[in-house]
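Now for the letters of each chain:
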Amino acid sequence: MSTTIADLIVGEIGVIDDIPFDSVPLKLLEMGCLPGKEVELMQIAPLKDPLYIKVNGSHLAIRKETASLIKVTKIKNLCDILKS
Amino acid sequence: MRHSEVINVALVGNPNTGKSLLFNQLTGLNQKVSNYPGVTVEKKTGTSKMQGEVFAKITDLPGTYSINPSSLDENIVLQTFIGIDKSNYPDVVVVVADVENLKRNLFLFSQIKDLEIPAILVINMSDRMEKKGISIDIELLKKELKSEVVLISARKRLGIGKVKRAIANYKEANTLKIADIADRIDAQFFKELKEKFADTSLYKAWLLVTQSQNLTSIPPKFKDRIESFEADKIKLNKMQNKETILRYQYINHILKKTYITDAEKATGMRHKIDKVLTHKIFGYVIFALILLLIFQSIFDWATVPMDLIDSTFANLSEWTKNQLPEGVFSNLLVEGIIPGIGGIVIFIPQIAILFLFIAILEETGYMSRVVFLMDKIMRRFGMSGKSVVPLVSGTACAIPAIMAARNIEGWKERLVTILVTPFTTCSARLPVYAILIALIIPQQRILGIFSLQGLALMSLYLLGFVSAIVSGWLLNKTLKVKGKSFFIIEMPDYKIPSLKNIVFTVLEKTKAFVFGAGKIILAISIILWFLASNGPASFDNAEKIVKSKVENKQLNQDELEKQIATYKLENSYIGIAGKAIEPAIKPLGYDWKIGIALITSFAAREVFVSTLATIYSVEDNENTNTIKERMGAEINQDTGKKRFNFPVGMSLLVFYAFAMQCVSTLAIVKRETNSWKWPLLQLFGMTALAYLASFITFTVLS
Ligand SMILES: Nc1nc2c(ncn2[C@@H]2O[C@H](COP(=O)(O)OP(=O)(O)OP(=O)(O)O)[C@@H](O)[C@H]2O)c(=O)[nH]1
Ligand SMILES: [Mg+2]
Numbered sequence: 001m002s003t004t005i006a007d008l009i010v011g012e013i014g015v016i017d018d019i020p021f022d023s024v025p026l027k028l029l030e031m032g033c034l035p036g037k038e039v040e041l042m043q044i045a046p047l048k049d050p051l052y053i054k055v056n057g058s059h060l061a062i063r064k065e066t067a068s069l070i071k072v073t074k075i076k077n078l079c080d081i082l083k084s
Numbered sequence: 001m002r003h004s005e006v007i008n009v010a011l012v013g014n015p016n017t018g019k020s021l022l023f024n025q026l027t028g029l030n031q032k033v034s035n036y037p038g039v040t041v042e043k044k045t046g047t048s049k050m051q052g053e054v055f056a057k058i059t060d061l062p063g064t065y066s067i068n069p070s071s072l073d074e075n076i077v078l079q080t081f082i083g084i085d086k087s088n089y090p091d092v093v094v095v096v097a098d099v100e101n102l103k104r105n106l107f108l109f110s111q112i113k114d115l116e117i118p119a120i121l122v123i124n125m126s127d128r129m130e131k132k133g134i135s136i137d138i139e140l141l142k143k144e145l146k147s148e149v150v151l152i153s154a155r156k157r158l159g160i161g162k163v164k165r166a167i168a169n170y171k172e173a174n175t176l177k178i179a180d181i182a183d184r185i186d187a188q189f190f191k192e193l194k195e196k197f198a199d200t201s202l203y204k205a206w207l208l209v210t211q212s213q214n215l216t217s218i219p220p221k222f223k224d225r226i227e228s229f230e231a232d233k234i235k236l237n238k239m240q241n242k243e244t245i246l247r248y249q250y251i252n253h254i255l256k257k258t259y260i261t262d263a264e265k266a267t268g269m270r271h272k273i274d275k276v277l278t279h280k281i282f283g284y285v286i287f288a289l290i291l292l293l294i295f296q297s298i299f300d301w302a303t304v305p306m307d308l309i310d311s312t313f314a315n316l317s318e319w320t321k322n323q324l325p326e327g328v329f330s331n332l333l334v335e336g337i338i339p340g341i342g343g344i345v346i347f348i349p350q351i352a353i354l355f356l357f358i359a360i361l362e363e364t365g366y367m368s369r370v371v372f373l374m375d376k377i378m379r380r381f382g383m384s385g386k387s388v389v390p391l392v393s394g395t396a397c398a399i400p401a402i403m404a405a406r407n408i409e410g411w412k413e414r415l416v417t418i419l420v421t422p423f424t425t426c427s428a429r430l431p432v433y434a435i436l437i438a439l440i441i442p443q444q445r446i447l448g449i450f451s452l453q454g455l456a457l458m459s460l461y462l463l464g465f466v467s468a469i470v471s472g473w474l475l476n477k478t479l480k481v482k483g484k485s486f487f488i489i490e491m492p493d494y495k496i497p498s499l500k501n502i503v504f505t506v507l508e509k510t511k512a513f514v515f516g517a518g519k520i521i522l523a524i525s526i527i528l529w530f531l532a533s534n535g536p537a538s539f540d541n542a543e544k545i546v547k548s549k550v551e552n553k554q555l556n557q558d559e560l561e562k563q564i565a566t567y568k569l570e571n572s573y574i575g576i577a578g579k580a581i582e583p584a585i586k587p588l589g590y591d592w593k594i595g596i597a598l599i600t601s602f603a604a605r606e607v608f609v610s611t612l613a614t615i616y617s618v619e620d621n622e623n624t625n626t627i628k629e630r631m632g633a634e635i636n637q638d639t640g641k642k643r644f645n646f647p648v649g650m651s652l653l654v655f656y657a658f659a660m661q662c663v664s665t666l667a668i669v670k671r672e673t674n675s676w677k678w679p680l681l682q683l684f685g686m687t688a689l690a691y692l693a694s695f696i697t698f699t700v701l702s
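These protein sequences, in sequence, are chains A and B.
Count the first sequence with UniProt numbering and you get residues 1 to 84, in order.
Count the second sequence with UniProt numbering and you get residues 1 to 702, in order.
Rather than coming from a laboratory, the hints here were simulated on the basis of the structure.
Please note that a few of the clues may not be correct.
Said to hold, decoys possible - No more than 25 Å apart at the CA atoms, straight line, and that leaves these computed lysine-lysine pairs for BS3-like:
no.	chain 1	residue 1	chain 2	residue 2
1	A	LYS48	B	LYS280
2	A	LYS54	B	LYS549
3	A	LYS37	B	LYS272
4	B	LYS500	B	LYS131
5	B	LYS194	A	LYS64
6	B	LYS549	B	LYS641
7	A	LYS48	B	LYS477
8	B	LYS495	B	LYS482
9	B	LYS132	A	LYS37
To be verified - These stretches of chain A come out as covered by chain B in the derived footprint (C-beta under 8 Å, 3 or more residues):
no.	segment
10	14-26
11	29-39
12	44-53
13	59-65
To be verified - Computed spacing ranges between beta-carbons, pair by pair:
no.	chain 1	residue 1	chain 2	residue 2	range
14	B	MET269	A	THR73	41 to 47 Å
15	B	THR478	A	ASN77	43 to 49 Å
16	B	ASP300	A	ASN77	26 to 32 Å
The beta carbon of each residue, even a glycine, is placed where N, CA and C say it ideally should be.
Using the sequences and the hints, build the whole thing.
So, in structure tokens, the structure goes:
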């Protein structure tokens, strides 16, 4: 199973690999959430949904169902964060 | 202005970039300005002098991230450029961009340029550049974008003159496309498209093909040409995605050369604040505390200025009474109109405080955090996190609140929000609640701090929210509405509110409330007064009839006059009408006079109090200065006890909490949902609920 934005832990950063164009609203791409861009998980709402992300200079809140469609590769994980 | 030149200007841009503030500064009008994406939801036009004899008709449009709309407010932008209404087609587009997120703003700009229409890029909020460590090479940017670029700060009023000059010289602006990406999306497709749509720009043809479902009307000459291209939706969708990626590549390429930002400076502060405000526990605690603070200030602290206003109006009545000759007309003025208006003016402190808090919540950027916190919860009740904005601003007035629902993406979530918003306690209910509470709830404090009356009022606000939520849940279960829902919201950076802006907003809204209510009250009071002081034959012969009835009783002059007045009122036009509906409302504990007030307050709830004041003023000549005293003195003829006792008061409170009594709200719902079905559902559903709930309340309590 591959990693998606929904699998990130707060503070972790991933690079977007793939966005399924037929199920993710075009608006999200138009707001800067594009393949190849870094995405950082900023906050998770108290009830685990929605997620607050920073991507390509935009700060956005999206629902988990959308976030779990967007595949990422982690580039900065929790260990790195704790070390620094 | 016929003889001089008028330029048609459209203000376009991402949400929350300061379009409305720039609009206000250009035109001198007062569009609402707030730090929340999606404040402007309909277009607004104003005129302004640009240079010499050159004038501009400026249109403020809702914010959008792309010309491809994903909600109703954004659709207005698309219609402006692709609609068939050519008369309003802009001569020049001013794209307002936020300096902090130029990349995303340029995405929209590149689309506008592709329409081959003169466009000026206005980069706003230059005052924040230093703090955020941003620097831009404007001259190079101009060259790269092949367009006029102006750096301004709308808040500091810097660069407004330059914007005007650029608009006045719009003819010099070129109409060159900047991102030539069509061939790289799908060369074959766009070649065919170009051939078929030789009479319009390629990008416009592309929009016609991809957005036909969002266009209310497609120019007939294009209609049949579109069909062959729009058949393969999946392919189109794929191409749109590719277009987006290519546009961003192109923009990145330009910004690399012209735009530098310091990432740590740019987001350091907001992270820290967000950590607290959207924290698992503190997030909700802070939100609850803010709500509590609002309630506390409305119900407790506002009473000081309110008492002052109350006594001023009582004195004014007294004074007017002494100035005018005695008679029915001065009765109307002194006991109907003045107290009626006073009954509204007294709420200025409470309403202004409420408006003040809403304005601060929105201006700081906190509202989006509430949306974030509440989305999951609201979804359970058929709504979206974005529904919080209508529900909170519904405490001021349902009309702008219902319009604010336009930026909710999913139709079902939006519909549910529109349907339940009228349950929230709007400011028009406040006068009704306050007077009834004053009549039936003793003025005590529990535990030394909470006033009992304040608590009662607070419970009514809670009742409003709870009924909105519960009916949302019910509607969610029962409504069969198709349509996907999704949720994306931008979290704007925190801003220190502009004091001027807040004071202005509060003044404007309060003024609108007082004058709006004042006009209705005046009109209804006069009509009622006329209907109450005229009637058919039995009204004219009232004196004879009453005298013959009471012949054998020993009555003094006073009592006789009182009986005549009562008889007259009951046989006036309004009395006859009231008596006719009395059977229907008797089970709720009301008499016909209250019935009349219920009916007139279908126009607007706040008319309730002034209606009673007018009716009582016709009947009665006694010295009672305030409506409250007069209502307290009203006797129930059947029991000989007070009319507004506890059960009747409670029954009325419940009725007003639920009933859909506001013609303007119904009209807005009709407009927003584009059908009579939903306002009628609200009208009958809510009125039936109100009737039932009042009946139960009255029956249980008495
Ligand atoms: N610091 C700063 N803030 C600004 C400036 N211009 C606007 N703002 C603030 O930015 C926020 C958004 O302003 P609006 O005029 O409501 O933005 P808009 O583009 O009309 O937004 P929508 O109607 O939602 O699309 C408000 O809080 C303004 O006070 C500026 O030049 N500097
Ligand atoms: Mg606006």
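Check of the segment 44-53 of chain A against chain B for coverage (Cβ-Cβ below 8 Å, three residues minimum): holds (count 7)
Given coverage of the segment 59-65 of chain A by chain B, checked by CB-CB distance under 8 Å (3 or more): Held - the segment 59-65 of chain A has 5 residues with a Cβ nearer than 8 Å to chain B, which meets the minimum of three.
ASN77 (chain A) and ASP300 (chain B) - C-beta distance against the hinted 26 to 32 Å: Cβ of ASP300 (chain B) to Cβ of ASN77 (chain A): about 51 Å, so the range 26 to 32 Å is violated.
Given hint LYS477 (chain B) paired with LYS48 (chain A) - CA-CA distance at most 25 Å: 24 Å, holds
Pairwise hint evaluation, LYS482 (chain B) against LYS495 (chain B), where the allowed Cα distance is 25 Å at most: 38 Å, violated
Distance restraint evaluation - MET269 (chain B), THR73 (chain A), Cβ atoms, bounds 41 to 47 Å: Check failed, 30 Å falls outside 41 to 47 Å.
ASN77 (chain A) and THR478 (chain B) - C-beta distance against the hinted 43 to 49 Å: 46 Å, holds
Pairwise hint evaluation, LYS131 (chain B) against LYS500 (chain B), where the allowed Cα distance is 25 Å at most: 22 Å, holds
Pairwise hint evaluation, LYS641 (chain B) against LYS549 (chain B), where the allowed Cα distance is 25 Å at most: Between LYS549 (chain B) and LYS641 (chain B) the Cα gap is close to 24 Å, so the pair holds against 25 Å.
Pairwise hint evaluation, LYS280 (chain B) against LYS48 (chain A), where the allowed Cα distance is 25 Å at most: 9 Å, holds
Chain B over the segment 14-26 of chain A, status - at least 3 residues with CB closer than 8 Å: holds (count 5)
Hinted pair LYS37 (chain A) and LYS272 (chain B), Cα distance within 25 Å: Within the cut-off at roughly 24 Å; holds.
In this structure, the earlier hints numbered 2, 5, 8, 14 and 16 are contradicted, and the remaining ones agree with it.
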